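J.: Since chain A is already given, all that's left is putting chain B on it; use the hints.
2 protein chains.
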Amino acid sequence: MLTINENYLKLPGSYLFSDIAKKVAAYQKAHPEREIIRLGIGDVTQPIAPAIVEALHRAVDEMGDAGTFRGYAPDLGYDFLREAIVENDYRAWGCAVEADEIFVSDGAKSDCGNIQEIFGPDCRIAVCDPVYPVYVDSNVMAGRAGTYDPATGKWSRVIYMPCTAENGFVPELPKERPDLIYLCVPNNPTGTALTRDQLAVWVNYANENGAVILYDAAYEAYITEQDVPHSIYEISGARTCAVEFRSFSKKAGFTGLRLGFTVVPRDLTCGGTALHGLWARRHGTKFNGAPYIVQRAGEAVYSAEGKRQVEAQVACYMENARVILQGLKEADCTVFGGVNSPYIWLKTPEGMTSWQFFDFLLENANVVGTPGSGFGPSGEGYFRLTAFGTAENTARAMERMRKVLGRPKSFS
Amino acid sequence: MLTINENYLKLPGSYLFSDIAKKVAAYQKAHPEREIIRLGIGDVTQPIAPAIVEALHRAVDEMGDAGTFRGYAPDLGYDFLREAIVENDYRAWGCAVEADEIFVSDGAKSDCGNIQEIFGPDCRIAVCDPVYPVYVDSNVMAGRAGTYDPATGKWSRVIYMPCTAENGFVPELPKERPDLIYLCVPNNPTGTALTRDQLAVWVNYANENGAVILYDAAYEAYITEQDVPHSIYEISGARTCAVEFRSFSKKAGFTGLRLGFTVVPRDLTCGGTALHGLWARRHGTKFNGAPYIVQRAGEAVYSAEGKRQVEAQVACYMENARVILQGLKEADCTVFGGVNSPYIWLKTPEGMTSWQFFDFLLENANVVGTPGSGFGPSGEGYFRLTAFGTAENTARAMERMRKVLGRPKSFS
Numbered sequence: 001m002l003t004i005n006e007n008y009l010k011l012p013g014s015y016l017f018s019d020i021a022k023k024v025a026a027y028q029k030a031h032p033e034r035e036i037i038r039l040g041i042g043d044v045t046q047p048i049a050p051a052i053v054e055a056l057h058r059a060v061d062e063m064g065d066a067g068t069f070r071g072y073a074p075d076l077g078y079d080f081l082r083e084a085i086v087e088n089d090y091r092a093w094g095c096a097v098e099a100d101e102i103f104v105s106d107g108a109k110s111d112c113g114n115i116q117e118i119f120g121p122d123c124r125i126a127v128c129d130p131v132y133p134v135y136v137d138s139n140v141m142a143g144r145a146g147t148y149d150p151a152t153g154k155w156s157r158v159i160y161m162p163c164t165a166e167n168g169f170v171p172e173l174p175k176e177r178p179d180l181i182y183l184c185v186p187n188n189p190t191g192t193a194l195t196r197d198q199l200a201v202w203v204n205y206a207n208e209n210g211a212v213i214l215y216d217a218a219y220e221a222y223i224t225e226q227d228v229p230h231s232i233y234e235i236s237g238a239r240t241c242a243v244e245f246r247s248f249s250k251k252a253g254f255t256g257l258r259l260g261f262t263v264v265p266r267d268l269t270c271g272g273t274a275l276h277g278l279w280a281r282r283h284g285t286k287f288n289g290a291p292y293i294v295q296r297a298g299e300a301v302y303s304a305e306g307k308r309q310v311e312a313q314v315a316c317y318m319e320n321a322r323v324i325l326q327g328l329k330e331a332d333c334t335v336f337g338g339v340n341s342p343y344i345w346l347k348t349p350e351g352m353t354s355w356q357f358f359d360f361l362l363e364n365a366n367v368v369g370t371p372g373s374g375f376g377p378s379g380e381g382y383f384r385l386t387a388f389g390t391a392e393n394t395a396r397a398m399e400r401m402r403k404v405l406g407r408p409k410s411f412s
Numbered sequence: 001m002l003t004i005n006e007n008y009l010k011l012p013g014s015y016l017f018s019d020i021a022k023k024v025a026a027y028q029k030a031h032p033e034r035e036i037i038r039l040g041i042g043d044v045t046q047p048i049a050p051a052i053v054e055a056l057h058r059a060v061d062e063m064g065d066a067g068t069f070r071g072y073a074p075d076l077g078y079d080f081l082r083e084a085i086v087e088n089d090y091r092a093w094g095c096a097v098e099a100d101e102i103f104v105s106d107g108a109k110s111d112c113g114n115i116q117e118i119f120g121p122d123c124r125i126a127v128c129d130p131v132y133p134v135y136v137d138s139n140v141m142a143g144r145a146g147t148y149d150p151a152t153g154k155w156s157r158v159i160y161m162p163c164t165a166e167n168g169f170v171p172e173l174p175k176e177r178p179d180l181i182y183l184c185v186p187n188n189p190t191g192t193a194l195t196r197d198q199l200a201v202w203v204n205y206a207n208e209n210g211a212v213i214l215y216d217a218a219y220e221a222y223i224t225e226q227d228v229p230h231s232i233y234e235i236s237g238a239r240t241c242a243v244e245f246r247s248f249s250k251k252a253g254f255t256g257l258r259l260g261f262t263v264v265p266r267d268l269t270c271g272g273t274a275l276h277g278l279w280a281r282r283h284g285t286k287f288n289g290a291p292y293i294v295q296r297a298g299e300a301v302y303s304a305e306g307k308r309q310v311e312a313q314v315a316c317y318m319e320n321a322r323v324i325l326q327g328l329k330e331a332d333c334t335v336f337g338g339v340n341s342p343y344i345w346l347k348t349p350e351g352m353t354s355w356q357f358f359d360f361l362l363e364n365a366n367v368v369g370t371p372g373s374g375f376g377p378s379g380e381g382y383f384r385l386t387a388f389g390t391a392e393n394t395a396r397a398m399e400r401m402r403k404v405l406g407r408p409k410s411f412s
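In order, the protein sequences belong to chains A and B.
Be aware that the first sequence starts at 1, since it is given in full-length UniProt numbering, and climbs by one per residue.
Be aware that the second sequence starts at 1, since it is given in full-length UniProt numbering, and climbs by one per residue.
These aren't lab readings, by the way, just hints derived from the structure by calculation.
On a predicted model such as this, the values are computed, not experimentally measured, just so you know.
Hints should not be assumed to be uniformly reliable.
Using C-beta positions, here's what the derived DEER-type ranges look like [claimed, not checked]:
1) Asp100(B) to Thr147(A): 44 to 54 Å
2) Ala21(B) to Asp227(A): 44 to 54 Å
3) Glu392(A) to Glu98(B): 52 to 62 Å
4) Gly13(B) to Gly13(A): 25 to 35 Å
5) Asp359(B) to Asp197(A): 38 to 48 Å
6) Arg266(B) to Gly146(A): 26 to 36 Å
7) Pro121(B) to Glu392(A): 22 to 32 Å
8) Gln198(B) to Pro121(A): 33 to 43 Å
9) Glu33(B) to Pro74(A): 21 to 31 Å
10) Arg58(B) to Ala66(A): 18 to 28 Å
Glycine is no exception: its CB is placed at the ideal position from the N, C-alpha and C atoms.
Extracted from the complex, chain A is given alone in its bound form (with noise of 0.2 Å):
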């Protein structure tokens, strides 16, 4: 008989940013006088740098002159590609990686969505709490979270690990034995990272229990602090249990252009099986590459003009950063991140829920962040905002929060 996925349906409600959207555009709809101003969404909003740009139009006539034209890309990737990310992003790191071990695709939200699929249907994973949502809904997905506890906001087969303010956001080691365990550091939503003694705790632990890490480090390049790894591969012992996540998206603007890549060390094996054979068989079987144009684009990033150009960029929403946790602390929030990240994570104030937040902060301030509990549990009296805003919005932003912070009402 015909059925569908029913795992599907167990989803609570839908996605969270598109829940977001909608609560927006009904508030623009009803006053549309307003301007608002998004500190909301992860997006970038810097244009592709130069040297990039020369990179994709040159891409481009490759592609419209039959001599140089490009087909089908190779399945994992082009050479000059994973040729240009192992050298600056990991063997300058000082970390063993080859290029053979590097997959490229369409971007890190595909990357960790699919990676499950590799793996047995009966693995129990580990969260942190709270994180980006997709590694709990890709689970679910497949059958693995159990059952949903609207109470808790809880999936009974999911490890969440806490990370909050109490903790310094610092997941502590589970007491059940996970199987898969997802880390995100620099973390989204709370902007806060591992040391390299905290993140070895980690290490040794998965290869101490068999557990595999699905290390999701998209942010990377917002790292600023000497102590916090840029690679899980700096950490002895993490080709044989870890799995690492990356994409061009927050390093070089590419959110529209969509590009990242999976490292799948050779070394990492489950019951004798090599992992980077069954990742290269999804890969081979469910993808067709990406394309080539920005994979050129990609390369580019690693160019002199290009690495000058997209740090430039970082270091502009790193102000953001400086300018929103100074805003804030004048505000007299609790404010946590923005150093080693693009986010910054606050307490909400005077006992709000994060979506009264988001709703005072929408109403009063016309200014869009991002509830903390729709990241997690833990994420509940939370409040995310992204330095991913232009210079001028992000300092108008703060001057409105400070307006509205500094003036509190009471709510029920």
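T.: Okay, now just chain B, sitting in the frame of chain A:
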């Protein structure tokens, strides 16, 4: 305990085209002086058309300008592209499809591979035999295929619908009732199509039996005969039983640009649940949109200039198809396809197996084709050639083939 998805291990060997690539590489290494002509993999050779190149350049410039930069694309595709698609691919053909039923993606391979996720784990699938391997492989990975019998080349839970010279390559209604029916029309690899009346039989069957047709129309642009429908939605009743996949790869040479789309009509339900919502949820959770610049390129395919240019490209390939058909007939081969499709399907001469003929052709004519058996057990004894080469290479390949097939040898 950490486990892998054991279904992956059931997949015999690796992906067909990887096997071919390895054989060809080994032969080229042993005979570096020989010039190999590739009529194997279905990849285009003509460059991206000028109107599309222009659109790409314009979009790249937009991405490099703060005033026109675009970040994340809408999950399901930009309206400008969805509307161009609806107007040109559906309304112009009298099909009732709305823009919000179009899901833009990075290509039909991803969509064909991913669509099975929204269905239940026990659904029985039916496939034409031979056919594009992704349908079966993606269901093997999901555990729906049962066990593989190397003796027959069949999976125990897959319903095979042989398409051979004996039945004119028209699949017969299966004896066992399938839940999901994959139809590829025009068919890859046989190059044959179904008439409106033949397709109506399937639409009626699916509606009467509560099955869903997964209709892959990736080669629609090559249809030349009047009674072959371009879309399944030309058939009355298809909106309640069919999902359609389309691709820009073969229509406009986008194999290296990556763009496709899936149509999920809102009328298509299973047990009261609309498949539209399930697919939207999958897209929103595990995909982040096709690149803006590539969607603008897709839009340009529907401009007056773009249409003229891509139709001229398709006409060139179809002229190659004519040359191949004629050349093979002159060499006394039995040939099919090539009229509504860029694929020519031939019976291997002298009772050779598909792989024997592959080796024979590689070694004696230095021409690469695709063994029919790679597409399913009923493909044994057949061979696929593609019309995607250059006109010059196609003519030279035919010359070589006429020579070696003109003086046939015997094979054990």
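J.: Under the constraints set out in the numbered hints, which ones does this structure not fulfil?
T.: Hints 1, 3, 4, 5 and 7 contradicted; others consistent.
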